[in-house]
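K.L.:
As a plain string of letters, each chain reads:
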Amino acid sequence: MNANASPAKALEKSVVRQLERAVGKDSVLWRPEEVLAFEYDGTIERAMPQAVAFPNTAHQVAEVVRIALDAGLPVVPRGAGTGLSGGAVAALGGVVVALTRMKRILEIDAENQLAVVEPGVVNLELSKAAEPHGLYYAPDPSSQRVCTLGGNVAENAGGPHCLAYGVTTNHVLGLEVVTPTGDIVELGGRTGQTPGYDLRGLFVGSEGTLGIATKIVLRLLPRSEATRTLLAIFDTVDEASEAVSAIIGHGIVPSALEMIDHHVIKAVVQAMDVGYPDDAGAVLLIEVDGLREAVIEEAIEIKEVCAAEGAREVRVAEEAAERERLWAGRKGSISALGRLAPNYYVLDGVVPRTKLPDVLREVYKLGEQYGFPIANVFHAGDGNLHPNVLFDERIPGETARVLEVGAKIMRLCVDAGGTITGEHGVGLEKRSFMEWIFSEADFAAMANVKAAFGGNDLYNPCKIFPTGKGCGEVTQTKIEHVMKQAGPDAYI
Amino acid sequence: MSTTAPSDIGLEEALRSVIGDGLTSGGDEHAVDGVVPSLAASPASVDALSAILRASSERNAAVIPWGAGFHMSLGNVPTRYDVALKTTKLNRLVEYEPADLTVTVEAGMTLGRLSQHLLEHRQFLPIDGPDEATIGGLLAVGLGGPSQQAYGFPRDWLLGCKIALVDGTVVRAGGRVVKNVAGYDMTRMAVGSLGTLGVIVEATLKVAPVPAAQETHLAAYAEASDALEAARTATRAGLALRAVAVLEKQGAFWLAGSSTAVERSREELRDLTGDTEARRLDGQAADRWWASLDRLDATSDVTVRVSVPPSEVAAMLLALAASTESAGTSVKRVAVPAVGVIIGRLTGGAADSYADVIEWVRRDAVSRGGSLIVTKASQDVKDRVDVWGDSPALPLMRSLKQEFDPNATLNPGRFVGGI
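Chains V and B, in that order, give the protein sequences.
Each step along the first sequence adds one to the number in our numbering, with nothing skipped, and position 462 is 462.
Each step along the second sequence adds one to the number in our numbering, with nothing skipped, and position 281 is 281.
Note that these hints are calculated values from the structure, not bench results.
Please read all numbers here as calculations on a predicted model, not as lab measurements.
Treat the hints with caution; some may be incorrect.
[To be verified] BS3-like mimics (lysine-lysine), calculated; alpha carbons at most 30 Å apart, straight line: (1) V/Lys303 / B/Lys206; (2) V/Lys408 / B/Lys249; (3) V/Lys128 / V/Lys215; (4) V/Lys331 / V/Lys266; (5) B/Lys206 / V/Lys331; (6) V/Lys469 / V/Lys13; (7) B/Lys206 / B/Lys89; (8) V/Lys13 / V/Lys25; (9) V/Lys450 / V/Lys103; (10) V/Lys365 / V/Lys408; (11) V/Lys450 / B/Lys206; (12) V/Lys408 / V/Lys266.
Put together the whole structure using the sequences plus the hints.
P.N.:
Listed below in structure tokens is the structure:
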């Protein structure tokens with residue numbers, strides 16, 4: 001398992017040759033100027049890989065993994081690089097296995113409502129391909145136009161419509177995986193229930209530490225007969241978050257239930273014309289789908305609940321164009337944040353839905369204490385918060401303070417009975433928070449899981465777990481240093 | 001009472017030092033496939049349960065965890081069996097927050113009692129099973145019932161759990177919130193593992209609102225294939241369906257949703273059931289009818305569960321009929337076509353002919369991208385065929401077992417590949 005390998009081991013010319021033999025000469029990058037573009041993902045950490053390989057098949061993936069590990073080099077799987085926790089960052093250098101060339105949709109089986117895809121297929125492309133069959137792929141992370149399904153599997157990605165339909169793991173039936181020891185195995189299958197341990201379920205969300213998915217069998221859902229989107233406008237965040245609990249408490253589980261607070265509304269209104277009132281304290285974007293009759297009833301009931309919780313106005317959109325306009329504000333909200341501050345840092349935490357009002361109050365209070373506006377746009381129905389800390393990196397010391405306030409917000413979530421990540425993953429970013437929610441025994445059990453899969457210190461090192469060989473230097477100070485150099489894009 | 005046993009004493013003395021009166025002799029009522037344990041332990045706390053596991057493991061004793069004992073016929077014949085470890089005294093409702101749609105219970109809580117708590121707030125757990133089954137047992141078995149059509153797999157309802165391991169530690173998997181990606185999702189490892197890696201002692205579950213309207217329509221068809229066709233059409237039409245089951249020539253349509261959606265679905269269903277004699281069941285009568293499906297095993301010698309892609313259900317129904325006929329046995333089939341599950345209940349044959357049917361139908365199911373497991377059979381039959389069939393991931397599964405239970409303390413031999 002190369003336990004003694006030094007992470008800083010140099011990339012030998014002979015290893016480059018081996019990689020080139022495995023995947024083709026034009027499918028290996030190793031010159032510093034070439035690999036530079038692969039030093040970051042969607043978050044703040046950066047680290048230079050020593051080489052990047054672009055395999056086309058599972059066998060090539062296995063070959064690359066074996067070559068790297070034999071050479072004592074770390075292996076880091078990578079999809080589109082849109083992850084928000086540093087999962088694809090080559091923390092200790094090594095070989096990045098870029099899966100973007102494995103982008104074939106191998107099969108759409110309309111009758112059985114499933115698809116078989118390679119890991120590099122972009123999330124939205126699958127729904128487009130399934131559209132003619134009246135089917136779609138439900139998990140819809142905000143980055144769905146670019147993020148890959150392999151990355152979604154690694155991070156167990158979510159999205160606004162996961163409230164009713166579940167996150168990635170609820171939609172993965174089977175996987176073909178290259179293990180950390182370079183073996184190719186099948187986990188699960190086409191029925192979602194196969195004899196033996198649910199290794200498929202263990203693999204999803206393992207953040208590239210248990211292997212690389214080279215084939216994915218996904219469940220597709222039939223398009224609903226009817227959909228309605230509601231925009232409920234509130235004077236205060238408090239009222240809006242009470243309404244979230246009230247809707248769920250009424251026995252309605254909408255397909256999406258999103259909150260957009262006044263900071264975000266202000267940014268969105270400046271950026272585009274979506275009809276949100278600029279003086280609102282918060283809006284809820286609520287979607288219901290299903291049979292025509294049920295959708296009409298639920299929309300009426302939600303409207304009444306929101307009114308009872310103090311909504312100033314509730315708009316209901318039925319036509320596709322109208323609904324898309326309401327969604328445009330939500331979908332464009334992150335990029336609109338750039339209008340409010342030079343930089344923003346997005347957090348991902350979860351609290352029980354009933355704790356939303358209290359926790360949000362505390363989040364704003366922390367922002368005031370530190371002097372940062374904190375803009376919230378998030379999956380309220382799941383209790384999945386995404387506070388965005390707005391700041392200016394040019395002010396000395398600000399980045400450190402942003403990280404500090406981020407940690408405090410995570411702590412709030414944990415203290416409220418929640419967790420430190422709902423859909424972005426732990427990655428490099430939140431390793432140190434893991435001890436807040438897991439005991440030594442829990443970590444030992446996870447280490448057992450990793451060992452069973454053949455996971456080792458070189459296989460996507462420094463991810464998820466608070467300690468790791470040679471990972472000591474990937475610490476807060478390094479992150480701060482990196483943040484000082486990074487541009488605004490690096491913070492989302 | 002101490003929760004750790006001194007290492008120099010024997011098994012019985014050690015377990016008694018942990019739970020005193022909670023230890024009794026095993027007896028026939030705790031037999032699994034004819035193997036009788038010498039001891040039965042009913043710990044009243046998680047600490048005591050874990051101390052029993054550890055003391056047993058240290059003494060190389062074999063432990064079989066028991067909930068209500070409803071599913072004990074599932075699994076290969078145990079290779080060793082010393083202690084029946086009963087979770088029934090761990091039956092507290094730990095936390096229930098209706099507005100969060102989450103509930104935390106100890107593993108020995110029965111589904112029936114949990115349902116009573118949930119019904120007070122018009123909520124329910126969409127995992128089918130008999131009222132007396134324990135939550136821990138249902139999760140450890142992990143097989144869904146008809147409601148899976150609308151509500152998904154049992155594993156999708158487990159948010160977090162505590163698992164007692166053989167080394168005496170209790171680990172936490174997942175959490176208590178509905179969305180959580182911190183660390184490996186070890187809840188998935190627990191569901192369907194038949195208690196071979198650890199014992200689920202506490203579970204946090206997602207629950208669902210009870211649909212405003214529910215009713216069941218039973219329709220008799222001339223042929224099983226007609227019933228199947230009606231089931232598929234109803235599913236494709238997107239009606240407000242919780243489940244459709246096909247029992248030989250009978251179709252059972254479980255409508256659930258808002259009252260107007262159910263009303264419309266009833267109308268559309270009328271076209272599908274045509275001029276067949278349809279019977280409507282409401283309320284408790286409907287509940288009783290669906291619950292009776294769980295009890296059909298009482299009438300069978302052997303029960304198999306076939307899981308295939310839905311498109312293969314018709315072929316598998318025929319395969320079951322043909323193979324049982326040629327083996328000189330009879331079969332009663334229940335299918336939930338939308339999820340590709342077929343339960344076959346066999347009677348009137350000898351062990352050899354049952355074994356032939358199992359092997360034959362299993363090969364067919366595997367060739368269609370599915371699998372077959374035997375959920376009930378006599379020891380004779382189990383001696384002839386593997387209950388689970390093969391898995392391409394068996395080496396990985398063995399290493400997982402090795403990491404968590406190196407002495408094979410838990411359920412030795414009963415799981416896939418003799419794990």
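K.L.:
If a hint holds in the structure, say so; if it does not, say that too.
P.N.:
Going down the list of hints, with the structure as the test:
1. V/Lys303 / B/Lys206: Given that 30 Å is the threshold and the Cα spacing comes to 25 Å, the pair holds.
2. V/Lys408 / B/Lys249: Violated - the C-alpha atoms of lysine 249 of chain B and lysine 408 of chain V are around 62 Å apart, more than 30 Å.
3. V/Lys128 / V/Lys215: 19 Å, holds
4. V/Lys331 / V/Lys266: Roughly 15 Å separates the two Cα atoms, so the pair holds.
5. B/Lys206 / V/Lys331: At roughly 28 Å apart (the allowed maximum being 30 Å), lysine 331 of chain V and lysine 206 of chain B satisfy the hint.
6. V/Lys469 / V/Lys13: 25 Å, holds
7. B/Lys206 / B/Lys89: 23 Å, holds
8. V/Lys13 / V/Lys25: 13 Å, holds
9. V/Lys450 / V/Lys103: 27 Å, holds
10. V/Lys365 / V/Lys408: 11 Å, holds
11. V/Lys450 / B/Lys206: Since the Cα atoms of lysine 450 of chain V and lysine 206 of chain B sit roughly 27 Å apart, the hinted pair holds (cutoff 30 Å).
12. V/Lys408 / V/Lys266: At roughly 25 Å apart (the allowed maximum being 30 Å), lysine 266 of chain V and lysine 408 of chain V satisfy the hint.
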